[in-house]
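S.K.: Single-letter residue listing:
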Amino acid sequence: MSATSETLENIIHKEYKPGFVTDLESDTFPPGLNEDVIRAISGKKNEPEFMLQWRLDAYRHWLTMTEPTWAYVNYESVNYQSISYYSAPKVKEGPKNLNEVDPKLLETYKKLGIPLYEQERLAGVAVDAVFDSVSVATTFKDKLASAGVIFCSMSEAIKEHPELVRQYLGTVVPTSDNFFAALNSAVFSDGSFVYIPKGVRCPMELSTYFRINAANTGQFERTLIIAEEGSHVSYLEGCTAPMRDENQLHAAVVELVALDHAEIKYSTVQNWYPGDEEGRGGIYNFVTKRGDCRGRQSKISWTQVETGSAITWKYPSCILRGEESVGEFYSVAVTNHCQQADTGTKMIHIGKNTRSTIISKGISAGRAQNTYRGQVKILKSAENARNYTQCDSLLIGDRCGAHTFPYIEVKQPSAQLEHEATTSKISEDQLFFCQQRGLSAEDAVSMIVNGFCKQVFKELPMEFAVEAQALLGISLEGSVG
Amino acid sequence: MDYAEHYQTVSTDLPGHSLSWLQALRTRANIDFSTSGFPSPREEEWRYTNITPIEKKRFTPKVSAGDPSAAAELIQHHRLDDTWSLVFVDGVYSAGHSRLTGLPESIQILPISEALERYPEKVHTMLQQAADCETHGFIAFNTAYFRDGAFIVIPDKQVPERPIQLLHVSTQAEGLSVLRHLISLGIHAQATVIETYVGEKETACLTAAVTEIDLAANAHLDHYKLQNESDRTFHFGGIYSDQKASARFRQNHAAFGGLMARTEIHSHLGQAAECDLDGLFLASGRRHLDTHTILRHHGAHAVSRESYRGIASERGRGVFSGRIVVDPQAQKTDAEMNNRNLLLSDDAEIDSKPQLEIHADDVKCAHGVTVGQLSAESIFYLQSRGIDEASARNMLTFAFANEMVEKIRHDGHRQQVRDALLANLPQTDVRGDWL
Amino acid sequence: MLSIKNLQARVEDKAILKGISLEVKPGEVHAIMGPNGSGKSTLSHVLAGRSGYEVTGGSVTYQGKDLLDMKPEERAREGVFLAFQYPVEIPGVSNIYLLKAALNAIRKHRGDSEVDAMDFLPMVKARIKSLNLDEQFLYRGVNEGFSGGEKKRNEILQMAILEPSLCILDETDSGLDIDALKIVADGVNALRSPDRSFIMVTHYQRLLDYIKPDVVHVLAQGRIVKSGGPELAHELEEKGYGWIDQGATA
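Protein sequence lines correspond, in order, to chains A, B and C. Positions in the first sequence are counted from 1; adding 699 to them yields the working numbering. Positions in the second sequence are counted from 1; adding 458 to them yields the working numbering. Positions in the third sequence are counted from 1; adding 62 to them yields the working numbering.
Calculated directly from the structure, the hints in this document are not laboratory data. We put the beta carbon where it would ideally sit given N, CA and C, even for glycine. Each hint should be verified, as a subset may be incorrect.
Straight-line Cα separation of at most 30 Å, DSBU-like style, residue types lysine-lysine; simulated pairs [as the list claims (entries may be wrong)]: (1) Lys842(A) with Lys803(A); (2) Lys1153(A) with Lys822(B); (3) Lys865(B) with Lys67(C); (4) Lys702(B) with Lys822(B); (5) Lys187(C) with Lys865(B).
Reference listing, derived: stretches of chain B covered by chain A, where coverage requires no fewer than 3 residues with Cβ under 8 Å from a Cβ of chain A [as the list claims (entries may be wrong)]: (6) 799-805; (7) 818-828.
Label-pair ranges, simulated between beta-carbon atoms [claimed, not checked]: (8) Glu299(C) with Phe1131(A): 31 to 41 Å; (9) Gly890(B) with Glu197(C): 15 to 25 Å; (10) Phe1132(A) with Asn251(C): 51 to 61 Å; (11) Arg505(B) with Thr765(A): 13 to 23 Å; (12) Asp241(C) with Arg505(B): 55 to 65 Å; (13) Arg486(B) with Gly742(A): 55 to 65 Å; (14) Gly1150(A) with Glu794(B): 15 to 25 Å.
Okay, chain A solo, but in the shape it has when bound (with noise of 0.2 Å):
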């Protein structure tokens, strides 16, 4: 191994920040799943029947569906007996207002540097922190409400906007989509909802912060985000876990659905637990993710930045329904040590003149596995529609994998598409001029990784892209020595 290999292989040794467990006293099932677990979640959040039997009736379609295994992903498989379907930290009641939050919690967060006390917060961004299976809080309610943006957790818009969920709940992402999306149907304890009125520009970015603290528990939120007819919002998502040696589950479905001339940004950066250099412990992260550009000239965009969890299966995607609307996704996806993601998108063009741009930036380091997957599928109906994919791989060490699996099915002859991949490694040049620069291989690395994703960087909303950037230089620590 050359000089520099050794000094790549030496960049990647930092301890993961969030891993840290707030002990605090909670209210958690007993492991196990069945009708009752089911039934006991959907009592505790008092929720109107019709959200009982929606879940009932996932959770029976689920017990019919076999765990997909085409993702280029190993793992033990997960035994969903032995998993906590519902944790939250103790409360006599729910918290009327930030002073009522047990203060542990708020340490929790001002540890992660999400401090909810408005005052103390970027002016501009809302937040609701989900903490296990729960949402304890989101700021700026009386701001937004006076806009008419409807901004809460899904277990309130269950209580106070049934209609509206009625009307939208699993019409992105149906309850037999799959596996995961059946099962998060059937048990979700909480997420966010949001709802835009018609010509609202959202006055600040929204965002959400997801914190799994308790051991042996699965998260498994729902995010709703109605879009209606000219209407704007930016939304931000935080993942962060602590460190434990067992595996956790993660099985989110985001559902997102932009109407006429509507725009939907979505911005993630995830950070789960990853596990530890030999792969002990870290999260699955099994999520649908899907946006319906239902209206005209409707936009949704998907930026992501993956770093954290040991499994990643992941593909946000965009229905392009309305004629000329616009799909996006950008993407960063960072593994390191032993973990593997298996990351991309869906781009399906039904609507005339629809658009969609793919741009996937993976990098794998240690002995981890990096593949982006990603369909593209222009149907008759999508007349002059156009793609333009690009997909990146970069790898750092000679023990890692990276893959690229795109599909592409053209059944439209004025459609377009273009799709270009590389895979490469940091040229030993690369990293020789930048030192003889006088750059340390550490900062020649960063520079060089950050140069890689500054395409999917400058998509990002500015605080968050400062986020991401740091938080890829941890990531990578000790892939360069």
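Please build the complex by placing chains B and C on the supplied structure of chain A, with the hints as guidance.
M.R.: Then chains B and C, alone, in the frame of chain A:
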């Protein structure tokens, strides 16, 4: 009675049935096949090609040698004059149509049915080396059932004076032709092999041909294949090559015929091996044409280049799947794959699945795919020179395809591929005599 | 030969040509000069029939026929030739094939028989030599991998073979060095005849040093703002286009 049962009744008629090792191999292959059946679209590698229609029919192998004059005209037309040729009619070797005069003794070119009698040990060492029954049912089917094929051995440093043509003609309705070709080139040996598959019009049959290629260090094989069978034929072709250090394999594949046809080209690249794959398919009518390649870079410093073009018109469907696998030790791999497609009608479809699977870090790998239509600018340019729009479109379609034809180094084969291309264009007002 | 009356055209919603009138008699050479964006290239594209332009008013009569009513290939067959500013690359179609196909399409239109291969090749080879091009050039894809100068010479070669009545040269001088420009100009001059007319669209006066125009028109903001003899071109060269623009807006 299904194929597996049917095997019991024909096994004693198959060549080499007295060889116990071959009996054992065929029996095992038949068991593999009866367990797996033909590949199903539920298998990832077959998601775009559903061959259940084959299962619904029962094709039967030809029993007698048949009328030698049956395919005379087709053979006359397709046999290349400057080659040594082995001709197969409905899967059975036809000595009368083959041309092997002047073949030096040092080079072995003969039907496998004969090779099993004369050189059984050599066949034993070559069979099932590059192709693996476990890959999918078709290979197992082929191993159990192959009735004939070519056996070509070029010893070290030998360079045959002539190219070698394997010409297959289907004439029999509901016929089944199962061919196994074995090609082995010694160290520094060189050869050109051309496989030509044609059939009588309107003949519905199944052709399953598997070619295994073994290239020793520094050997160089130019391999061509033209698949231009009749509109109702099912064709499965597999070309599996094993390239040792610095061996060079250049393959050009052209597919125009059949109702549903798939050709697989796999190569295993040793250290510093070179592999060039080029291909063209034109799926017109109701044709379904599938080209499926897998290149496995096993040794370091190997170079591969793939370039495939596809055209789907009328109700045709074209499928391309190309996978490049780079093993952990295959550092300094340089692999590029390119697939360009033209989609010319509302009822046509193109599916493309380019894949990179990379386990080494010091590599340069890339792939690119485009699907689109003819450029409006080019059409206008031709119109402004007096050429009507329909002709302009045809000319541009031809040009798109012809660039792949031009890569063929053998004149006679190039001419045949070009004729097949012209005959299969949506409307043919491109003048072959002007080219 | 060509009579353009009050021609107006737009691209999408933007009016580009705002009423152009022009009379070209047989044997005449007209130069159309103007700053970028004045509509010069649009005029040549509209005359050749490129899609994407909408004619919103006026008429164009060519040899007594309504030019605007014809498809691009009909115009070509009737003898209208556009030498492109950016000749299109068509890999896989050889130059010789294009020449044959185009010439025969035009001959067929005139009721002539297909060109005889025995006559065709010597004719092409003679032309190619005078344009200082290699013979191999004929067997390469149309404009594929050609340098800028080769592309322009190829346009002149096609013009020479197809023998049009009206030649429209769209910025033929752009991107050429002085030697290439001379070759192209010699090629054009060799084709001048009493029954063939030329419209040369150009930004610079230097092409006109080599191909002497009979009339020079100045185009600005979609209208011809000034016409005159060859001296007008020199005036433009000295003063630039500034004074023309002012005149047009005033």
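S.K.: For each hint, tell me whether it holds in the structure or not.
M.R.: Taking the hints in turn, this is what the structure says about them:
1. Lys842(A) with Lys803(A): 26 Å, holds
2. Lys1153(A) with Lys822(B): 21 Å, holds
3. Lys865(B) with Lys67(C): Since the Cα atoms of Lys865(B) and Lys67(C) sit roughly 52 Å apart, the hinted pair is violated (cutoff 30 Å).
4. Lys702(B) with Lys822(B): 21 Å, holds
5. Lys187(C) with Lys865(B): 27 Å, holds
6. 799-805: holds (count 5)
7. 818-828: holds (count 11)
8. Glu299(C) with Phe1131(A): 31 to 41 Å: Distance hint for Glu299(C), Phe1131(A) is violated at roughly 53 Å.
9. Gly890(B) with Glu197(C): 15 to 25 Å: 22 Å, holds
10. Phe1132(A) with Asn251(C): 51 to 61 Å: For Asn251(C) against Phe1132(A), whose Cβ atoms are near 54 Å apart, the range 51 to 61 Å holds.
11. Arg505(B) with Thr765(A): 13 to 23 Å: Since Arg505(B) and Thr765(A) have Cβ atoms about 18 Å apart, the given range 13 to 23 Å holds.
12. Asp241(C) with Arg505(B): 55 to 65 Å: 58 Å, holds
13. Arg486(B) with Gly742(A): 55 to 65 Å: 59 Å, holds
14. Gly1150(A) with Glu794(B): 15 to 25 Å: Roughly 23 Å apart at Cβ, these two residues keep to the hinted range, so it holds.
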